[in-house]
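Enquirer: Input sequences plus hints: build the corresponding full structure.
Going down the list, the sequences are from chains X and L.
All you need for our numbering is the position in the first sequence, starting with 1, plus 1.
All you need for our numbering is the position in the second sequence, starting with 1, plus 9.
Keep in mind the hints are simulated off the structure, nothing from the lab.
Just to be clear, a hint being listed does not mean it is correct.
[Stated by the list, open to error] A short list of chain L residues far from chain X (calculated; beta carbon distances all over 12 Å):
#1 G48
#2 S55
#3 D56
#4 L64
#5 S66
#6 G119
[Claimed, not checked] Dumping the calculated DSS-like pairs for lysine-lysine here, alpha-carbon to alpha-carbon at most 30 Å:
#7 L/K161 with X/K118
#8 L/K84 with X/K118
#9 L/K101 with L/K161
We put the CB at the ideal spot given by N, CA and C, even for glycine.
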Amino acid sequence: MKRKLKMWILSICILLISAMILSFVQALVVPKYMTSSLEGNLTAEYYEETTDHDVLFIGDCEVYECFTPPTLWKEYGITSYVRGGAQHLAWHSYYLLEDALKRETPKVVVYNVLALKYGEPQNEAYNRMALDGMKWSRSKVDAIEASMTEDESFLSYVFPLLRFHSRWSEIGEEDFRYFFDRDTVSHNGYLMQTGIEPMTDTFDPLPLTNYQLPSTSMQYLEKMRVLCEKKGIEFVLVKAPTNTWKYYWYDEWETQICAYAEKHGLDYYNFIPLCEEIGLDWSSDTYDRGAHLNVYGAEKLTMYFGKILSEKYEVSDRREQAALSAVWNQKLVAYETQKTQGKEQ
Amino acid sequence: MKMLKSTAIFTILLAILCCFTACEEPADNGKIYAFSHNGCEIAVNSDVAPILASLGSPLRSDALGTCGLRGDMDKIFDYSDFTIYTAQIDGKDYIDSLVLKSDLVSTKEGVSIGDQDAKITEKYGEPTERNDNVLTYDGSHMKLEFHLDEGKAVKSIVYRYTIEE
Numbered sequence: 002m003k004r005k006l007k008m009w010i011l012s013i014c015i016l017l018i019s020a021m022i023l024s025f026v027q028a029l030v031v032p033k034y035m036t037s038s039l040e041g042n043l044t045a046e047y048y049e050e051t052t053d054h055d056v057l058f059i060g061d062c063e064v065y066e067c068f069t070p071p072t073l074w075k076e077y078g079i080t081s082y083v084r085g086g087a088q089h090l091a092w093h094s095y096y097l098l099e100d101a102l103k104r105e106t107p108k109v110v111v112y113n114v115l116a117l118k119y120g121e122p123q124n125e126a127y128n129r130m131a132l133d134g135m136k137w138s139r140s141k142v143d144a145i146e147a148s149m150t151e152d153e154s155f156l157s158y159v160f161p162l163l164r165f166h167s168r169w170s171e172i173g174e175e176d177f178r179y180f181f182d183r184d185t186v187s188h189n190g191y192l193m194q195t196g197i198e199p200m201t202d203t204f205d206p207l208p209l210t211n212y213q214l215p216s217t218s219m220q221y222l223e224k225m226r227v228l229c230e231k232k233g234i235e236f237v238l239v240k241a242p243t244n245t246w247k248y249y250w251y252d253e254w255e256t257q258i259c260a261y262a263e264k265h266g267l268d269y270y271n272f273i274p275l276c277e278e279i280g281l282d283w284s285s286d287t288y289d290r291g292a293h294l295n296v297y298g299a300e301k302l303t304m305y306f307g308k309i310l311s312e313k314y315e316v317s318d319r320r321e322q323a324a325l326s327a328v329w330n331q332k333l334v335a336y337e338t339q340k341t342q343g344k345e346q
Numbered sequence: 010m011k012m013l014k015s016t017a018i019f020t021i022l023l024a025i026l027c028c029f030t031a032c033e034e035p036a037d038n039g040k041i042y043a044f045s046h047n048g049c050e051i052a053v054n055s056d057v058a059p060i061l062a063s064l065g066s067p068l069r070s071d072a073l074g075t076c077g078l079r080g081d082m083d084k085i086f087d088y089s090d091f092t093i094y095t096a097q098i099d100g101k102d103y104i105d106s107l108v109l110k111s112d113l114v115s116t117k118e119g120v121s122i123g124d125q126d127a128k129i130t131e132k133y134g135e136p137t138e139r140n141d142n143v144l145t146y147d148g149s150h151m152k153l154e155f156h157l158d159e160g161k162a163v164k165s166i167v168y169r170y171t172i173e174e
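Expert: Following this line, the structure appears as structure tokens:
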């Protein structure tokens, strides 16, 4: 009897020690996204929020490079969060929205439509950046199942060590420095870019064989709409003002989105033809030759759209609320500091 | 003792699973459609550097990054009769797509902008796929596409790299 008990204790000890070692190794080898691909931190940062938001932005790079929550607060007193990420496909956005709506009920959800062009999972690296930071829930399980490319396995999301063990040889200073904790990289989901690299020319985009937006992504768009409708949230569609040969918004897609919006009584704002009205200057408002807006361009767009949010959707000005103001004023200081540092560099 | 053995085996198996997770290479059917210009062969998925050296400077070019994956630049090289689109892998630019846009050039098989769809099938046979405006011919990790206007005349020709067969 004693011998059996000993064996049990020894087995449990071995299991615990193995689990500890594996957890340690796993924490060491997973990418930290601190010096490059900062986007890999966006999903997890949302959970650090201590206050709710009246506006939630979802979508791909065109949301986290275009809308700045600190500006919305400063100019309109609107609380917001950008729950977007690099190449967030429609199913990423849906499940991240579902996840967010379990925690809060914003007044308006704004979805950027560019990613609707993708009907299938594209790239494991983007899946990892979108999903690894998500807290475990039914939404995360469903998101993984919807997102996996052919070579991926569900188990590798449960045990990222299975996927990242090969990074063992690449372990560097960053992996030790951010072993326990990571820096905050965004401003309520907005990833600031202060550089300026002008767009000097326009080029023809690649012709496509099929201009029909995929049924899979459109189904997820519909799921987002229904989810918002059930919760009494205004669901608004937007297309960011950027439109380069690489990230091109085809007229045929525009027609389909307009038809969808009209069918369901949704508002849709395509900012591409509104660049002049917004005040965008492609010689100074982009950091990568027109593919994305820099902070100066993002602020102009946010100012423009903030007016719409404030006037048309009557999103409240909450600057009078002392506790909320204290939180947001801190965010504003961090935002302005990074902007000033970026300008000086 | 049995439990101790099972625990040890489980731990070893988990470690082995970690070490031997690998990817499979896709199959290849070997057929490639390429475009030739002034003796320079341009095929998708080839390194663009020697091709650019042979073609000379483009009229215009541009390079755009990939969001979230800094360093990977997609590029466009615009010549008077065709445009080359490239994607970067490990710092090297590979041709992702090639678009013929003028009737001054033609495919190796002799189809050019303005030709009717009948000429395409005469030269290439039946396409792998045909929709209202595009005739597609599958090759090895690539597709050759003839985009037609309303009058069924070729308005652009696209050589496109594809990952799947």
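Enquirer: For each hint given before, does the structure comply? Return the numbers of the non-compliant ones in rising order.
Expert: Hint 9 alone not satisfied by this model.
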